[in-house]
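S.K.: In case you want the letters, here they are:
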Amino acid sequence: MSVTGNPLQPTVFELSHPGRGGGKIPHPPKDALERLPAGSRRAAPPALPEVNEPELVRHYVNLSQLNHAVDTGFYPLGSCTMKWNPKINEWAARLPGFADLHPLAPDEVAQGTLRLLWELEQALREISGMEAVTLQPAAGAQGELTGILMVRAYHRARGDTGRTEVLVPDSAHGTNPATATMAGFRTVSIPPAADGGVDVAAFRAALGPRTAAIMITNPSTLGLFETRIGELLEAVHAAGALAYMDGANLNAVLGRVKPGEVGFDVMHFNVHKTFSTPHGGGGPGAGPVGVGERLLPYLPSPRVLRAADGSFRLERPGERPTSIGRLRSFVGNVGVLVRAYAYIADHGAEGLREVSDDAVLAANYLKARLAGLLDIPYERACMHEFVASAASLKRATGVRTLDIAKRLIDFGFHPPTVYFPLTVEEAMLIEPTETESLETLDAFVAAMERIVAEAHDDPAMVTSAPHTAPVRRLDEASAARQPNLRWRPMTGRETPCPD
Amino acid sequence: MAPPDLRYTKEHEWVRPAGETATVGITDYAAKQLGDIVFVELPEAGRQLSQFAAVGVVESVKAVSDLFAPIGGEVVEVNGELATRPELVNEDPYGAGWMLRLRLTDAAQLDELLAADDYDELTREG
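One line per chain: the protein sequences are C and S, in this order. Following the numbering used here, the numbering of the first sequence begins with 1 at its first residue and continues without gaps. Following the numbering used here, the numbering of the second sequence begins with 1 at its first residue and continues without gaps.
Hints in this document: simulated from the structure, not taken from any laboratory. Treat the hints with caution; some may be incorrect.
The calculated label-pair distances, taken between Cβ atoms and stated as ranges, are [to be verified]: (1) Lys10(S) x Ser40(C): 56 to 62 Å; (2) Val76(S) x Pro284(C): 31 to 37 Å; (3) Val76(S) x Glu449(C): 54 to 60 Å; (4) Gly325(C) x Glu20(S): 48 to 54 Å; (5) Val76(S) x Thr181(C): 27 to 33 Å; (6) Asp117(S) x Leu296(C): 54 to 60 Å; (7) Glu91(S) x Leu296(C): 55 to 61 Å.
Keeping only pairs whose Cα atoms sit at most 27 Å apart, straight-line, the calculated BS3-like set for lysine-lysine is [said to hold, decoys possible]: (8) Lys10(S) x Lys32(S); (9) Lys62(S) x Lys32(S); (10) Lys394(C) x Lys62(S); (11) Lys10(S) x Lys394(C); (12) Lys62(S) x Lys10(S); (13) Lys394(C) x Lys32(S).
Heads up, the beta-carbon is just placed ideally off N, CA and C, and yes, glycines get one too.
All chains should be built: construct the whole structure from the sequences, respecting the hints.
M.R.: Spelled out as structure tokens, the structure:
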């Protein structure tokens, strides 16, 4: 990292000097302002920062270098699948035919993009064993909502309106109960069994004529494959309910397990996890949803259709009245979908299977290497991620998971997910992904060995970490209790303007 | 050790009965497990709560958890102090960190709660 000057940069507003600038924004026609109604015109110009181009570029380049990213280092954030985003994806998404296409372009001039979307749907069908896939949802959570809205439409279409509950295992992603609530259902939590799987007895007791669906993440957020999945899904269908799979952890089972063949009726894909598109801050997302036969009529519209002559078109409004409608403008976030397509096409079937095999191998390697250092609550072979716990270390030394996470920053590693899943005390959820080399994994283990040794010999070193980051230990409680959510100009030296 | 004069739930709430009313909060064990508490959402005064229903939210730097009514009753008072000083729950869970005062629906519901000894047994570290 080579940030110039104070690593904590002033804000761009503080760099501002009246009259300075560099942009050559084309002047509007002379009478443009007069054509706006008086009530829509500002009385005073907006307080935009005034900086010249080199100041602006240096400001943001320096800020960007304060980030930890997959482009700068190892990022074993559990359940997030922070794998490498191959640069060929970026090349593909920037091809002018995709990047410059107007979203309202008529089908005749959008054939290439429509074909890519159609082929991506076929690839995701093949990967998941589902009947059809919508690419429209803008993120995994919206994909969940899409799936559960289709479940609701399915039950309503049959006149089965007594199904008001969705069963969600305790180890689920927090988005699952939120989705069920958003769709108007009541969430019923199912506790885990001792082996980390779903407690089948509790599950059967909760299942009944009020159950609309079960939402299950497999492999689970404990990094464990749900070995009783066949039994669970059989019971779900016997009760007249549907089964939703949260596909967040699909990276563990590509080419090994097809959720559609397992018996799931609906699932979502997180393309930013499994198919290497950038995460969150990298731009918009996509959360395609696959469905089995029962939910086909309810897929969002418009779908991309292929005619007998091999040409492609979008479904017309109202063409399929059973559809739950539109979830996202146009056909979804196409730039992200192009990246996912590029990744799938680049790997092919064999390559994708290797992705999952290597992701599982890397996680089991790290788990075995860390076993002597930290508690490993679930000893059986893990999938793409595993849970470790600092509970014993905390009792022996007072050093908590949070301290270890902060100290890892000093060694150049992004901390793993901490205090999740909630069912494990002092939890760390570690997911190395398939894209890291053996040397990187070993360096991570070496850092952990040193931190655990420090916890015994020099605990203050760990509890006061990080020492080398641009900011030291943050007071998270105060930040949450008295959040300071926006920068405000200073009226005096110390006094911020009142809101 | 949980104070002997209170009753407890498995979900880590405590109840201090006093005649027809009772004070409710979360236990020291719960507050420690949650870590620094940053926000407490409580039901409005006047609301009727049924026993074991989810009635509020406790948010810490680690997690967001439901608050369950350990006993049924009408909310006669909530601890407004927690809106600006949620840290009271960590500092004094059985005192200044109290959450609700209820007018009890049925004092017999107290019998369904744990005594201090049983609660200590439940939360003994493994």
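S.K.: Out of the numbered hints, which ones does the structure contradict?
M.R.: 2
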